[in-house]
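Novice: For reference, the chains in residue letters:
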Amino acid sequence: MVVIMLEKVPSSVRGELTRWMLELRSGVFVGNISALVRDKLWEVICLKLRGGAAFLLHNADTEQGFTIRSSGDSSRIIQDFDGLLLTRIP
Amino acid sequence: MKDLHALPKVRDSLSYLYVEHCRVDQDDKAIAFHDGGGKVPVPCASLVSLMLGPGTTITHAAVRTLAEHGCLVLWTGEMGVRFYAQGMGETRAARNFLQQARLVSTPEWRLRVVRRMYEMRFIEPLDESLTLQQIRGKEGIRVRETYARLSRETGVAWSGRSYRRDNWGSADPVNRALSAANSCLYGVCHAAIVSAGYSPALGFIHTGKMLSFVYDIADLYKADLTIPLAFHAVAEGQTNLESRIRRACRDVFHDARLLQRIIPDIERALSVLSPSENAEKDFDSEDALPGGLWDPLAGEMEGGVNWATAEEELEQ
Chain A
1 MVVIMLEKVP SSVRGELTRW MLELRSGVFV GNISALVRDK LWEVICLKLR GGAAFLLHNA
61 DTEQGFTIRS SGDSSRIIQD FDGLLLTRIP
Chain B
1 MKDLHALPKV RDSLSYLYVE HCRVDQDDKA IAFHDGGGKV PVPCASLVSL MLGPGTTITH
61 AAVRTLAEHG CLVLWTGEMG VRFYAQGMGE TRAARNFLQQ ARLVSTPEWR LRVVRRMYEM
121 RFIEPLDESL TLQQIRGKEG IRVRETYARL SRETGVAWSG RSYRRDNWGS ADPVNRALSA
181 ANSCLYGVCH AAIVSAGYSP ALGFIHTGKM LSFVYDIADL YKADLTIPLA FHAVAEGQTN
241 LESRIRRACR DVFHDARLLQ RIIPDIERAL SVLSPSENAE KDFDSEDALP GGLWDPLAGE
301 MEGGVNWATA EEELEQ
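Chains A and B are the protein sequences, given in the same order.
Under our numbering, the final residue of the first sequence carries the number 90; numbering is consecutive throughout.
Under our numbering, the final residue of the second sequence carries the number 316; numbering is consecutive throughout.
In case anyone wonders, no lab produced these hints; they're calculated from the structure.
All values derive from a computational prediction rather than experimental measurement.
From the three backbone atoms N, C-alpha and C, an ideal C-beta is built for every residue, glycine too.
Zero decoy hints are in this set.
For lysine to aspartate or glutamate, the following EDC-like pairs were computed, each having C-alpha atoms within a straight-line distance of at most 16 Å:
| hint | chain 1 | residue 1 | chain 2 | residue 2 |
| --- | --- | --- | --- | --- |
| 1 | B | 9 | A | 63 |
| 2 | B | 222 | B | 139 |
| 3 | B | 222 | B | 145 |
| 4 | B | 39 | B | 20 |
| 5 | B | 39 | A | 80 |
Computed Cβ-Cβ distance ranges for the label pairs, DEER-style:
| hint | chain 1 | residue 1 | chain 2 | residue 2 | range |
| --- | --- | --- | --- | --- | --- |
| 6 | B | 236 | A | 25 | 41 to 47 Å |
| 7 | A | 80 | B | 11 | 22 to 28 Å |
| 8 | B | 224 | A | 67 | 22 to 28 Å |
| 9 | A | 3 | B | 260 | 24 to 30 Å |
Starting from the given sequences, assemble the full structure and let the hints guide the process.
Specialist: Written as C-alpha cells, this is what we have:
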C-alpha cells in the first residue's frame, strides 16, 4: 500500500497522481502501485513541488513496517532515530 | 482505554527508542521529547523500552504515562550501557512470578530449567546423560568458537571479553561494541520479562544479581544476534559506532523476530513441570475442579483422569 500526501502543489502534479491512485480527500492519495511506479511518481513530485510539500508512505520490511519519504517545507519534519521514524514539530 | 487485554502486546511493538540531550514530558495522552529544535511525539503505547542517554531529564507525568503503557525506562551511560532501569509491567497478577519463584527455589526443578535453557542455545538436542558440568563445557566451547569464527570472518582482532566499565578508553572497539549491542538486547529482554509478569532478578543459570534472569534470557540470543552484529559494525569502521550499533540492533531484532519470540521462549524455558507437579489449582474459584488422588510414592496424582491402562481395558 502506498500513501502520498501533498501540501500546496501545482494541480498538474495532483492530476498525474489521480491517474494511478485514489484521492480520498484533498491532497491525500492511496494506491497499491508497484515500487517502480511509486519511485517514478515520487521523482516527478519532487521536481515539481514549487514551495509545497509532499510525503510518501509505503510498506517496508523494517521494525515499524513502513517507511516515509518527505520533500519540501512542512509543519512537520520526519526524523530517523536509529531506524525509527518519528515526526518533529519545530 | 483501560482494558488490559486490549493493550498492545510485546510482539506487536517497537523494540526501543534511544534519546539524549532532551527533556521528556507528557504530551496530551502520550509523551514527547523536547529539545532546541522543537518537540517529537513518541508513540509510547507501542514502545517496549525507552533508553535515556546523557543530558536527558524526564518529568513525573512522563514516567506515569510510560508506566501506564508498560514501557520500561532505562537510563544509559557510555556506549549505551544501562545503569538503572525501572518498569512495573501491566499484568497485575503475580501468578507467573510465583511460578518462577517456585521453580528457582526447588533444586530439582531449577536444574531442569537450567538444562532447558542450555538446550535452547544449541541447534541439536543435548544428550540426556550429560552432566551439568559437561553441558557448561560444551557451551564454553560453543561461545569461544562463535567469537573465533566471527573474528576470522570479519578480520576484527579478538583477544577476549573484558568488562572494564571504569575506563572505556582502554577497552578495544569490539568489546565496546559488544557492550553497546548487549545493552540494547538486555533492555528488550528486561522489558519483555517484566511485561509478561516475571521477575528479572530470579535467574536460573545466572545467580546473585538483580538482573540474573535478564542475563539468562539474553544468552539465548547473543550468539545469533548481538555478537555477530558487534563484529560486523566494528569491521565497518569506528566512527559513530554506538549509533550504528543501535540501528543494527533494531534491524537484527526485527529480522530475527525477537519481540515475537521472546515471551514464548521464556515460557518454553520455564515449562519443565509435568501436570501433576504443577499443582497450582485455584479450587476456590472452580468448585467443580477435581482434587488430586493420594499416592504413597508420588504424593499426589492428578484427579479427574482415568488411570486404567489399555491392557486393563481389554481384560474387562
